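> Chains as they are written, first to last, in our numbering: chain A, 145 to 842; chain B, 3 to 296.
Hints may be right or wrong, so weigh each one.
[What the hints assert, rightly or not] Straight-line Cα separation of at most 27 Å, DSS-like style, residue types lysine-lysine; simulated pairs:
1. LYS291(A) <-> LYS437(A)
2. LYS257(A) <-> LYS223(A)
3. LYS624(A) <-> LYS291(A)
4. LYS277(B) <-> LYS291(A)
5. LYS277(B) <-> LYS153(B)
6. LYS291(A) <-> LYS153(B)
No wet-lab data here; the hints were simulated from the structure. In this text, all values refer to a predicted model and were calculated from it rather than measured experimentally.
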Amino acid sequence: MSDHQFLLELLCEEIPAAALAGAAAQLADGIETRLGEEGIGEVRRAFVGYTSRRLAVVFTGLPERQPDRAVEVQGPPVKAAFAADGSPTAAALGFARGQGVAVDALRVVDGPKGQVVAATRTVPGEAMEAVLARTVEAVVPALRFPKAMRWGAGEYTFVRPLHRVVALFGAQRLETVVPLTLFGVAAGSTTLGHRVAHPGPVELLGAAGVEDYVQRLAAAGVVVDPAERHAVLQEKAAALAAEVGCAVRRDEALVGEHVDLLEYPGLVRGQIPTAAMALPEEVLVTTLRHHQKCLVLERDGRVAPYFLAVMDRASDPKGLVREGNEWVVGARLQDAAFFFSQDRRRPLADHARRLDRVQFHQKLGSYADKAVAVQALARWLGAGLADDDEITTAAALARADLVTGMVGEFPELQGVMGGLYARLEGYPEAVWRAVYDHYRPAGLEGDLPQGTLGAVVGAADRLDTLAALFAVGEVPTGSKDPFALRRAALAVVRLCAEMPLRIDLRAAIGRAVAGRAACAAGGEAEVAAQLAEFVRERERFYLVTKVGVAGEVADAVLEARWGVVSDDVSRAQALEAVRGEEVFASLAVAFKRVRNILAKADRGAGDEGLLIEPAEKALFEVLQTVEATEASAVAAGEYAAGLRALAAVAAPLDRFFVEVMVMCEDAALRQARLALLARLERVFLSLADLSRLGGAAT
Amino acid sequence: MDLQEVILALTRFWGERHCVVQQPYDVEVGAGTMHPETFLRVLGPEPYQVVYVQPSRRPADARFGENPFRFGKHLQLQVILKPSPPEVQELYLDSLRALGIDPADHDVRFEEDNWESPTLGAWGVGWQVLLDGMEITQFTYFQQAGGIDLKPIAAELTYGLERIAMFLQRQHDGFAMRWGGGVTYGQVRHQEEVEMSRYAFQVAGVEMLRRHFEDWEGEARRCLQQEEPLVVPALEAALKMSHLFNLLDARGAISVTERVGLIARVRRQAVACAKAYLAQRERLGWPLQGEAAP
Numbered sequence: 145m146s147d148h149q150f151l152l153e154l155l156c157e158e159i160p161a162a163a164l165a166g167a168a169a170q171l172a173d174g175i176e177t178r179l180g181e182e183g184i185g186e187v188r189r190a191f192v193g194y195t196s197r198r199l200a201v202v203f204t205g206l207p208e209r210q211p212d213r214a215v216e217v218q219g220p221p222v223k224a225a226f227a228a229d230g231s232p233t234a235a236a237l238g239f240a241r242g243q244g245v246a247v248d249a250l251r252v253v254d255g256p257k258g259q260v261v262a263a264t265r266t267v268p269g270e271a272m273e274a275v276l277a278r279t280v281e282a283v284v285p286a287l288r289f290p291k292a293m294r295w296g297a298g299e300y301t302f303v304r305p306l307h308r309v310v311a312l313f314g315a316q317r318l319e320t321v322v323p324l325t326l327f328g329v330a331a332g333s334t335t336l337g338h339r340v341a342h343p344g345p346v347e348l349l350g351a352a353g354v355e356d357y358v359q360r361l362a363a364a365g366v367v368v369d370p371a372e373r374h375a376v377l378q379e380k381a382a383a384l385a386a387e388v389g390c391a392v393r394r395d396e397a398l399v400g401e402h403v404d405l406l407e408y409p410g411l412v413r414g415q416i417p418t419a420a421m422a423l424p425e426e427v428l429v430t431t432l433r434h435h436q437k438c439l440v441l442e443r444d445g446r447v448a449p450y451f452l453a454v455m456d457r458a459s460d461p462k463g464l465v466r467e468g469n470e471w472v473v474g475a476r477l478q479d480a481a482f483f484f485s486q487d488r489r490r491p492l493a494d495h496a497r498r499l500d501r502v503q504f505h506q507k508l509g510s511y512a513d514k515a516v517a518v519q520a521l522a523r524w525l526g527a528g529l530a531d532d533d534e535i536t537t538a539a540a541l542a543r544a545d546l547v548t549g550m551v552g553e554f555p556e557l558q559g560v561m562g563g564l565y566a567r568l569e570g571y572p573e574a575v576w577r578a579v580y581d582h583y584r585p586a587g588l589e590g591d592l593p594q595g596t597l598g599a600v601v602g603a604a605d606r607l608d609t610l611a612a613l614f615a616v617g618e619v620p621t622g623s624k625d626p627f628a629l630r631r632a633a634l635a636v637v638r639l640c641a642e643m644p645l646r647i648d649l650r651a652a653i654g655r656a657v658a659g660r661a662a663c664a665a666g667g668e669a670e671v672a673a674q675l676a677e678f679v680r681e682r683e684r685f686y687l688v689t690k691v692g693v694a695g696e697v698a699d700a701v702l703e704a705r706w707g708v709v710s711d712d713v714s715r716a717q718a719l720e721a722v723r724g725e726e727v728f729a730s731l732a733v734a735f736k737r738v739r740n741i742l743a744k745a746d747r748g749a750g751d752e753g754l755l756i757e758p759a760e761k762a763l764f765e766v767l768q769t770v771e772a773t774e775a776s777a778v779a780a781g782e783y784a785a786g787l788r789a790l791a792a793v794a795a796p797l798d799r800f801f802v803e804v805m806v807m808c809e810d811a812a813l814r815q816a817r818l819a820l821l822a823r824l825e826r827v828f829l830s831l832a833d834l835s836r837l838g839g840a841a842t
Numbered sequence: 003m004d005l006q007e008v009i010l011a012l013t014r015f016w017g018e019r020h021c022v023v024q025q026p027y028d029v030e031v032g033a034g035t036m037h038p039e040t041f042l043r044v045l046g047p048e049p050y051q052v053v054y055v056q057p058s059r060r061p062a063d064a065r066f067g068e069n070p071f072r073f074g075k076h077l078q079l080q081v082i083l084k085p086s087p088p089e090v091q092e093l094y095l096d097s098l099r100a101l102g103i104d105p106a107d108h109d110v111r112f113e114e115d116n117w118e119s120p121t122l123g124a125w126g127v128g129w130q131v132l133l134d135g136m137e138i139t140q141f142t143y144f145q146q147a148g149g150i151d152l153k154p155i156a157a158e159l160t161y162g163l164e165r166i167a168m169f170l171q172r173q174h175d176g177f178a179m180r181w182g183g184g185v186t187y188g189q190v191r192h193q194e195e196v197e198m199s200r201y202a203f204q205v206a207g208v209e210m211l212r213r214h215f216e217d218w219e220g221e222a223r224r225c226l227q228q229e230e231p232l233v234v235p236a237l238e239a240a241l242k243m244s245h246l247f248n249l250l251d252a253r254g255a256i257s258v259t260e261r262v263g264l265i266a267r268v269r270r271q272a273v274a275c276a277k278a279y280l281a282q283r284e285r286l287g288w289p290l291q292g293e294a295a296p
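Can you build the whole structure from these sequences, using the hints too?
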């Protein structure tokens, strides 16, 4: 009868929040797998829970006793087990005896090294307590954590010191302690309640199952189900906000983190000192959220003068928790205000002048040098896209906040602070926004800048970083990318694709490398080629990951031509849409053949007037039509139509290959045929290298 | 509660729990961990419990006495419990009660915060302890010091004394915090903060600091090359190097690339000291082992 259940709770010192959920899942998975290996399948995971101090799992559907199992044991090879006349040898007899089976019962099976004899032995089931004990003793020490530690005598390694183990087994009620020991701690039936709300022992012996376990802990001030803590936090937060006519600014990540930092979900509302409300909203939010992990309240979309602090307890009867948090928040904001007012003593342009003291890279000079390079590149990139004076100013100020006190204290406000200071100093909106925004996007995710100027300065800054670091040989390899160059390149690709910033990346890379030519030890052209390949690889990643086209589609598109990213994206989307159509499969094969022939041949001028075979004349006719149709489709940006136009070449091209021998003896005729194919290749490559499709790329 | 009442209460609390009440180390250090009573004592099998206040110098954190939360020198109260006892968290909470902070009325949290000192070749795993949102203690299980795996493991508790006193006094201005003896923190230390800031940021002689860094490196090496290595003098020399590095850093004289190299040079001496200390204690027959305090 599979009506038994098993409860395991590990009580530790506070486990890092980031490791909790994964540890609980590993624990449940490990036990389930291991029980399966013990012949106990079909168990039910009735509960997987955790708090900052405990991991808990409950399994139901367990048998009272482990069933007997038939185990196949492999013995000696057939050759050694049987004599020539087929009679069993001493080896076979010994093996059978050892397994407690008759020698007739031996079977022949395939072993890893050929045929062997095997016996099926019945292993009698054991008491479930014994099975569970060895299961847990094997699974828990094997749990993996981002960082493990030792403690006390230093004999054991686990995520944090383990204090208690509750391991209970039973039918309706969990009545037996499973005799196991983990890290020198013997399992028992009592756990501890909440550290301050209910510091005493909590008896779990005789608990009726999951609900009873959860309730007994709740009575001891512990909400062991993370989903419930999450729900309670959100409910309480909404209620506390509503009391003062505010709403909670949505912050799933922060609430989620708090859920894993608690045993009991509580919240207290505090007030922000009036003086601090004069600080820019970004500074308020950074202080509250990033430094104090507080939830931000808002009223009419603006930050309200309150915060919610999460606490690991139900209530704050003496008001000390609120008072303490208000004091800390007040202190933090006062500290921020100090740096803010210090920074404002001099204009942003003055800060920018001090960038010469901040080293960008040992071989590449200071951030002041960088600002000069970025400025030149931004003006070139932004010609016709943004106002030249504004580009010049924004590029000069972009990194100025690196030397401000605020960014020294709050590095996550890079860009934002410079933007805020520029706004307060009365720079035009486009300029301060560009300074504010030029770090965006952070990578594959994250918001884009709000204006073109920010995108121009941001792209210039990153292209210069890439060019400069490639020039001095700081090229990412494998997992090593200390300057986050992959992310920088990806951000440039996104700016080009999504703003969209219509620039030719290849030309821009050349320009950026030229701006750093003095540092390019390996030669300017080599550096530019290496960087172009690197950026192209990022663009491919972007097409596959973000645009969602197949890898071969990205290859086909980029192989044809690349660099104007928004155009590359359109071509990729068009190809992705049409590539399923049957004709493209045969076109891919035929086009691959075209490319192979051309790759091996001398390309020279050829006179198409010399073509003589009907098949090649027909192809020439069709090609001329397709050329025109396709050219107008490409000009109009209608890439799917352009691709479909190519389909008309499929049949005549197949016929051409059947009937015409390209590499014929007559040199002039051969040149004419090659010229025809080269012309066809040009037409195709204005859209995509179809030879990359259908695995035809090899 | 005055600052000195905090010091007295915590010192008495731990003193009554088998800790040696030690005194601050009389060499400039950046943290209580550098005191030989921590850095050396955590090595090897011998048990040890100690409490002391350590003025800790962080020249780059100085703010000319203008920022009421930032000091170039602050006071840490350091406790080492080796091996870490099973009830160490409860002991710690009791120490808060000694400060009049009853955890039953507050929100006390242990949030993951691991510690690493590249100059000492040391790292540990632990938490920052938050009291009502305020970080008041760094709680670390030492795993390695001087590049050597530790066994047994020591628990290190580092109380930030100024913060605790400011918090208890609900005082936002560190310099207005009551020190005791009828004076404020500012009356005792403000001028020192102003002068030490000016020194660290504007006046300190870079050439001299660099020269002395080299000198003390040689001295550390020489101490350890003695037939019977001089462990404490060598460690003092390494601590001097560390402080000189901090001054050079505050002075803005160290480039990003040079930094790694200088830190490695300090670490090399610290690691050599740790090895020499272990050898010395072994030679002496681990004098403190097996002599459990009564």
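> Each hint: holds or not?
Against the structure, the hints come out as follows:
no.	hint	verdict
1	LYS291(A) <-> LYS437(A)	holds, 23 Å
2	LYS257(A) <-> LYS223(A)	holds, 12 Å
3	LYS624(A) <-> LYS291(A)	holds, 21 Å
4	LYS277(B) <-> LYS291(A)	holds, 26 Å
5	LYS277(B) <-> LYS153(B)	holds, 14 Å
6	LYS291(A) <-> LYS153(B)	holds, 18 Å
Figure legend: structure checked against the earlier numbered hints; every hint is met.
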